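For the protein sequence lines, the chains are H and Y, in the order given. My numbering puts the first residue of the first sequence at 97, with every later residue one more than the last. My numbering puts the first residue of the second sequence at 30, with every later residue one more than the last.
No wet-lab data here; the hints were simulated from the structure. Since the model is a prediction, treat every value here as computed from it, not as a measurement. The beta-carbon is built from N, C-alpha and C at its ideal position, and this holds for glycine as well. There's no promise every hint is true.
Example chain H residues on the side facing chain Y (calculated, C-beta under 7 Å, incomplete) [as the list claims (entries may be wrong)]:
no.: 1; residue: S167
no.: 2; residue: S184
no.: 3; residue: L185
no.: 4; residue: G189
no.: 5; residue: G225
no.: 6; residue: G227
no.: 7; residue: R269
no.: 8; residue: E271
no.: 9; residue: T273
no.: 10; residue: G274
no.: 11; residue: T423
Chain H is faced by these chain Y residues, among others (derived, beta-carbon under 7 Å) [what the hints assert, rightly or not]:
no.: 12; residue: V97
no.: 13; residue: L126
no.: 14; residue: A199
no.: 15; residue: E206
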Amino acid sequence: MLSTSVREDDTPDSASTSVTGEPVTLRLAYADDPPTKALVDGFTRRHPNVTVELERTQFRDYVTTVKLSMSSDDPPDIAQYNPGAMGSLIPAGLIMNLDLHAEAYGWQEEFPSSALEPLRTGEDAGEYGSGSLYAVPGSLSVLGVFFNTELLEEAGVDGPPATLEEFEQDLERVEDTGTTPLGAGALEVGGFHLWNALLNVLGDQQDYRDWVYGSPGATIETAAAERAARTLTRWERAGYLSEGANAASDMDAQADFAAGGSAYLVTGNWAAAALSEEMGQDVGFFLMPGPTGREPPVASGSSVSYAVSSRTGHPDVAAAFLDYLGTYEAARIQARSGFMPVDPAAAGAGEGVMGQINAGFAEVIEAEGLVPFPDYATPGMIDRLTPGVQGLVAGVRTEEEFLASLQEEWEDEHE
Amino acid sequence: MSEGAPAAPRPRPARRSERGPRAGSPRPGRVGTGAWPYLLPAVLVYVGFAVYPAVSTLQFSFLDWDGVAPPAWAGVDNFLRVVTEPLLGRAILNALLLIVFFTVLPIALGLVMTALIAGRARRGAAFYRVVFFLPQVLPLVAVGTTWRWMYSEDGMVNRFLGAVGLGDHARAWLGDENTALAALGLIGTWCMSGLCMVLFISGAQKVDAALHEAAAIDGAGPARRFLSVTLPGLRKEIGIAGVITTIAALAGFDLVFVTTDGGPAGATNVPALLVYRLAFNEGDIGAASALAVVLTVLVAVFVGAIRLLTREDA
């Protein structure tokens, strides 16, 4: 399996935007569906001579299986991008460097640059955010705040807050009516998503990006990150967070919110379809507001992206698939599958909560304000983030200790 | 793995060689060459799926390897890393505390249930056996998810407390630093008690009825007979139950993974969970293997101690 200790050559000899008319079969390994299947179907309708064999693995096992299959002698041609796995595969030279194709197709203009940024890195995959392009996004997501219109009306809150301060006042109003203001699934990612949403609007965007991307000397022990953590603990002490937050999974928190158990829920657009189905017109969405309400919008988001094997026999056909992901047609498919499309125009106005999410997302993309989630920083970061926020919620860990444990993990990885 | 198997009955090999086709074969207990074709399938499966992975784990524990790039020799670095890992101490302590819930309580409960339903054939005994053994049959992932809901803020446990006037004590049991480990442990108690009971009942059935009769004639009541006749006869079964449940407590993973994932804030971390995170989240196969080796040694020490304590001639 590991016959060579030399880095494979990951740059194709040439890049062409023309696709052969000969029959071609590509193999594609992935975990997320939707959107993968629908996107592949769209691509093969355009290129009937191309057959794509799909190899799906459950998300939990995907990191392991994709590492093994991409480093085997017979790797899939295309693989869904996963930061944990690619951190090992890129330094081994097993993932194709897409710079030539990006230039030939003009992907820098075709895709939002804040969505391409996390997919750029150097040969050693030590630092992200700049360098060569190793994958292309096939759909995006965005983090924000869902609210229950009925519960807010009862509390006398009229619509989304303009500033963070106003949001805090609204939480208090809801608390006064005896309803839990803010649901949080701190057993899983919901807890640190709340901290992350606060950090997005309280902190400097570039500082945060530098830290997630692993730029030398970056730190998360900043005044802004501490302020975000203090805001979270203040809300917890004031009783704004659901009481059993540390024992609630993300699905638990979402189900509780849908049933009217809490007035607000911080989560991503991925919850929208289920929530609007259950709550109808009673659910709305806004981006976490900043201190003044006039800051350019910043929100965390991730992408379902695809990378190409450096050993593929059909680099140009694989690249044509990546290019297809940025087309208006593909963006329509992404939007229909419940994702944020890489071309925000394809989302359309939409009604109700979907319309509000689309509007918020378009603002974020327009301002290039889409930033990665904090667990993107290192493969082990999620095991510091989840217990860390649980410690804040339970009151057994200080804000300083929480941030120090994140920085310690970061330095272990980037020493 | 073989620690759990009962010792082979001694007289059997002798009888086998008396009446076997190869009466002149060597000393009793030795396997003749003719036996290998019969043993081969089992040996191949055992070597392929138990011995080989174990040896590989040991080998990986000395490598610096992320699962993809060429591995490099790391010497004892991985072991130094895992024994100095600040989370490990708490995780091992948690696992030891879980022995109370996975081993001590289930054996005690199993004995009580055996005392109640063994011996006389009572109507409905089979029903109780099935009910108590059922948790063993259910997949732990389903068990864990169900209990997570029952323990939640407005789950069944808290509703019950509210109904009996103890609503003030209601809390998210798995979300509270102070109660999470005990709440998790009680799920283990619920799972393991039925297994212990089934083992003990089958053991109790082997006890010669004449002993019970003799004790009864001497005036011993049911409690006395259980303590003086049944219990000594169960020594071997208690040993086996102790071994199986202790392994579940020390090396258990799935139940913790689906209920608390080590939370809140590390209060229910166990060693197997740290192995999983090292291997699958961090991609550090070397350190994960080293921790697995440490865990195996820990389990072997405990299992050895239990075997020693429950020997027939101890």
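- Query: Quick one, is the E206 of chain Y hint okay against chain H at 7 Å, beta carbons?
  - Reply: OK, holds: E206 of chain Y within 7 Å of chain H, min 5 Å.
- Message: A closest beta-carbon separation below 7 Å is what the hint needs, so does S167 of chain H meet it against chain Y?
- Response: With a closest approach of 5 Å, the S167 of chain H hint holds.
- Using 7 Å as the Cβ threshold, decide whether T273 of chain H counts as touching chain Y. Since the shortest Cβ distance to chain Y is 18 Å, the answer is violated.
- For the hint on V97 of chain Y, just tell me whether its beta-carbon gets within less than 7 Å of chain H. holds, 4 Å
- chain Y contact restraint on G274 of chain H - CB to CB distance below 7 Å: violated, 14 Å
- Status of the hint placing T423 of chain H at chain Y (closest C-beta pair under 7 Å): violated, 33 Å
- Item | Per-residue hint verdict: L185 of chain H, partner chain Y, C-beta under 7 Å | Result: holds, 6 Å to nearest chain Y Cβ.
- Task: Tell me if A199 of chain Y is really an interface residue toward chain H, meaning its C-beta lies closer than 7 Å to one of theirs.
- Result: Violated, about 9 Å.
- Please verify that hint: L126 of chain Y, Cβ, nearest Cβ of chain H, below 7 Å or not. violated, 18 Å
- Item | G227 of chain H as chain Y interface residue, shortest Cβ-Cβ below 7 Å | violated, 19 Å
- Query: Quick one, is the G189 of chain H hint okay against chain Y at 7 Å, beta carbons?
  - Reply: Violated. Min distance 10 Å.
- Message: Interface hint check: R269 of chain H, Cβ to nearest Cβ on chain Y, cutoff 7 Å. Holds or violated?
- Response: violated, 22 Å
Violated hints, listed in ascending order, are 4, 5, 6, 7, 8, 9, 10, 11, 13, 14; each of the other numbered hints is respected by the structure.
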